[in-house]
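Enquirer: Heads up: the sequence lines are chains A and B, in that order. Those letters in the first sequence? Residues 0 to 519, per numbering that gives the first Met the number 0, in order. Those letters in the second sequence? Residues 0 to 237, per numbering that gives the first Met the number 0, in order.
Fair warning: there could be bad hints in the mix.
As the list claims (entries may be wrong) - Computed, partial: chain A to chain B, Cβ under 7 Å:
| hint | residue |
| --- | --- |
| 1 | 27 |
| 2 | 63 |
| 3 | 73 |
| 4 | 275 |
| 5 | 318 |
Claimed, not checked - Selected chain A positions facing chain B (Cβ under 10 Å, derived; list incomplete):
| hint | residue |
| --- | --- |
| 6 | 61 |
| 7 | 76 |
| 8 | 112 |
| 9 | 188 |
| 10 | 282 |
What the hints assert, rightly or not - Quick list of in silico lysine-lysine cross-link-like pairs, BS3-like style, CA-CA up to 30 Å:
| hint | chain 1 | residue 1 | chain 2 | residue 2 |
| --- | --- | --- | --- | --- |
| 11 | A | 77 | B | 88 |
| 12 | A | 85 | A | 42 |
| 13 | A | 85 | B | 110 |
| 14 | A | 45 | B | 81 |
| 15 | A | 45 | B | 64 |
| 16 | B | 64 | A | 44 |
| 17 | B | 81 | A | 44 |
| 18 | A | 87 | B | 81 |
| 19 | B | 81 | A | 76 |
| 20 | B | 64 | A | 76 |
| 21 | B | 88 | A | 26 |
| 22 | B | 64 | A | 73 |
| 23 | A | 87 | B | 88 |
| 24 | A | 77 | B | 64 |
It is worth saying that the hints were derived from the structure and are not from the lab. Computed from a prediction, not measured in an experiment: that's the story for all the values here. Virtual Cβ for every residue (Gly too), placed ideally from N, Cα, C.
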Amino acid sequence: MAVAAPGHLNVNESPSWGSRSVDCFEKLEQIGEGTYGQVYMAKEKKTGEIVALKKIRMDNEREGFPITAIREIKILKKLHHENVIKLKEIVTSPGPEKDEQGRPEGNKYKGGIYMVFEYMDHDLTGLADRPGMRFSVPQIKCYMRQLLTGLHYCHINQVLHRDIKGSNLLIDNEGNLKLADFGLARSFSNDHNANLTNRVITLWYRPPELLLGATKYGPAVDMWSVGCIFAELLHGKPIFPGKDEPEQLNKIFELCGAPDEINWPGVSKIPWYNNFKPTRPMKRRLREVFRHFDRHALELLERMLTLDPSQRISAKDALDAEYFWADPLPCDPKSLPKYESSHEFQTKKKRQQQRQHEETAKRQKLQHPPQHPRLPPVQQSGQAHAQMRPGPNQLMHGSQPPVATGPPGHHYGKPRGPSGGAGRYPSSGNPGGGYNHPSRGGQGGSGGYNSGPYPPQGRAPPYGSSGMPGAGPRGGGGNNYGVGPSNYPQGGGGPYGGSGAGRGSNMMGGNRNQQYGWQQ
Amino acid sequence: MLAAGDCTGLEPRPEPSQVEGTLPRVLTVLSFVLERLVARNDRLLENLSGQLNGLGGHGWAMLGKSLNGFHGVRPPNISIPKYLERIYKYTGCSPSCFVVGYVYIDRLVHKHPDSLVVSLNVHRLLVTSVMVASKMLDDEHYNNAFYAKVGGVSNAELNRLEMELLFLLDFGVVVSSRVFETYCFHLEREVLLNGHGGHGEIEKALFDPAPLDDVTELPVVEDAPATADPPSLDQAVD
């Protein structure tokens, strides 16, 4: 074409995508399943590199190429950061020989389109949900800092993620955390007076301004979600597990107080404010409810869970918060333990097997270990409890990070732990019972999870002394390359998932909220 | 050359009461630029064929295959201006989509320099690129099935073309405001330099000030025909 304005156009040179076939990869196993299609762990035949293949569902003929996929691809194309999932390429799979008209040329994309991502072993929710898992304070700081760094990068590149939640934060065995699933992301501009949809972000992590119907918003929406995750890490369970929008708002108001023109100037102008205005006065109780949190953590959380988005802390400022610069410092990701990866897709199957096993056991009147309550990981209050020692909990952190045994792969053949109800962040107060399941016995407990004190910090591990070999690393958490944990009914929204369907309408997940007690 | 009489865009702007028949000027400008380009490329191809005939070759042989998917058997009967008008009229996409669609086509030929936009492929390129632009930009947009009806191709084919386009572009579908403005300026200049002057400020006067970014994201209109179904093209684009 004769018409390019030189110097401005077509500058984006990158290796051509879509030129390779999915046959370049050997599918190892399916690790996710959702409304968008399947996610596979695969090996590139030539290099042996392990990747995740996410198939783009193309079966809605009338819509053509899914807009969420176009958006995700175009956004990931321009983001290059160590804390943002890397989209390596797009590959195609040749379809049937003929197209509808029977033309022999056929459609070379008919068989499917796959997005090729770097492989990540876990997601934050799956990791946290492992039985026996407890994050240390330096570990939480390390994850939070990476989350904020990645998000800051997105925000300065004018991208809103709009679906920050644990299952979209992928973690590899080097301790790196990366933001994933940009299917709801979009670019924004600071001066734009744009109207955006408020039907984004999974309900539990959705900020009050969206719940109140705001259509003009910015990066602060993501920061609310970050606050929810931060609190969840410290608290041990989701803090706002609402089952619908009104209940969601109510839970927020109960903790953060009700919004008014004083704490949130302009709130009364937001479309649905009058519909949801609380009928009784509600005071902010955040400091009271979370009084056991460390002072710096609480301070930062306060600024993340600020009702008024314009006063909410930015990712940049959060990174400068005292929390990240006070003892104990965030640890080096590489010092984190390596956990065996596991994926929700498989763990579901395992859990089914497990349930059958349990029923059999019951019938045989065998005692089965009780399930753990879900308790927060490490409290900083210096209580006498073994697991409540002040300072970092050294279980997961130390100079001798336990290393998962076995091949880089997955012991999917082995039964996993107790089914769904197993607590996330189980307390070490009663660690003994739950994790003596026979099926865990041989699973490499020798890695140091339950052995003695970790030298560098010289503190005894809060659990492990009570005989739970290998429970930690082998837990039945789950990496969700696209499928929320089973107790996230919104299903399709996993990290590599890009489905719009069902998002934001998640129902309260069964065991997720059963111990939701702070607001009583 | 542009059959300027068909398009009101170059006539003095009508009164608001006449808005019914008004087309955004971008359609006219784009028609002009594309028709000129296609005419030139068709000629080029003809010459090539002529030269190669002696050698037993054909002009097409010199072309890359990148745009093959967009080639029809013969040029459609509908002119470029009429085709653009049809797309605009039935899909109601924002005028910006035509500029962005043009950016896509331009990127395409720059990425694949051995490809030419010619009369055999320009229609399919247009409907596909405008549709993708609308998907990226517009609050509400019609689905592929509707665009297929408007464009005179089958749903399946349009889906295939969409995919072709996305891959040929390496999914480079982002058009920044700066690039958008550059193209507006460029299009305007093309017209000015080629004797259709008189209406500067294409960008300000005739584009919606609206949004380059997909500013609003409301649910996609599922076939909700603001207008009735488009009458089928007399002759499908083939």
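Enquirer: Hint by hint, say whether it matches the structure.
Expert: Hint by hint, here is what the structure shows:
1. A least Cβ separation of about 26 Å between residue 27/A and chain B goes past the 7 Å threshold, and the interface hint is therefore violated.
2. Interface restraint check for residue 63/A: the shortest CB-CB distance to chain B comes to about 3 Å, inside 7 Å, so the restraint holds.
3. At about 5 Å, the closest approach between the beta carbon of residue 73/A and any beta carbon in chain B falls short of 7 Å, and the interface hint on this residue holds.
4. The restraint placing residue 275/A at the interface with chain B is violated, with a minimum CB-CB distance near 22 Å, outside the 7 Å limit.
5. Annotation: interface hint on residue 318/A violated; nearest CB of chain B at approximately 27 Å, more than 7 Å.
6. Interface restraint check for residue 61/A: the shortest CB-CB distance to chain B comes to about 4 Å, inside 10 Å, so the restraint holds.
7. For residue 76/A, the interface hint holds, the least distance from its beta-carbon to any beta-carbon of chain B being 6 Å, beneath 10 Å.
8. Checking residue 112/A against chain B: minimum C-beta separation of about 7 Å stays under 10 Å; hint holds.
9. At its closest, the beta carbon of residue 188/A sits 7 Å from a beta carbon of chain B; the interface hint therefore holds under the 10 Å criterion.
10. Restraint check, residue 282/A versus chain B: the minimum CB separation of about 36 Å is more than 10 Å; hint violated.
11. Note on residue 77/A and residue 88/B: the hinted pairing is violated, with a Cα-Cα distance of about 34 Å set against a maximum of 30 Å.
12. For the suggested pair residue 85/A and residue 42/A, the alpha carbons sit about 16 Å apart, so the restraint of at most 30 Å is met.
13. The suggested pairing of residue 85/A with residue 110/B holds, with an alpha-carbon distance near 24 Å, which does not exceed 30 Å.
14. For the hint linking residue 45/A to residue 81/B, the alpha-carbon distance of about 51 Å lies beyond 30 Å, and the restraint is violated.
15. A distance of roughly 28 Å separates the Cα atoms of residue 45/A and residue 64/B; the hinted pair therefore holds under the 30 Å criterion.
16. Distance restraint check for residue 64/B and residue 44/A: the Cα-Cα separation of roughly 29 Å lies within the 30 Å cut-off, and the hinted pair is therefore satisfied.
17. Distance hint between residue 81/B and residue 44/A is unfulfilled; the C-alpha atoms sit about 50 Å from each other, more than 30 Å.
18. The suggested pairing of residue 87/A with residue 81/B is violated, with an alpha-carbon distance near 41 Å, which exceeds 30 Å.
19. Proximity of residue 81/B to residue 76/A is assessed by CA-CA distance (about 36 Å); at most 30 Å being required, the pair is judged violated.
20. Note on residue 64/B and residue 76/A: the hinted pairing holds, with a Cα-Cα distance of about 25 Å set against a maximum of 30 Å.
21. Between residue 88/B and residue 26/A the alpha-carbon distance is near 47 Å, which puts this suggested pair outside the 30 Å criterion.
22. For the given pair, residue 64/B sits about 25 Å from residue 73/A by alpha-carbon distance, which is consistent with the 30 Å threshold.
23. With a C-alpha separation of about 40 Å, the suggested pair residue 87/A and residue 88/B falls outside the 30 Å cut-off, and the hint is violated.
24. Our distance criterion of 30 Å between C-alpha atoms is met by residue 77/A and residue 64/B, whose separation comes to about 28 Å.
Taken one by one, the earlier hints fail for this structure at numbers 1, 4, 5, 10, 11, 14, 17, 18, 19, 21, 23, listed in ascending order.
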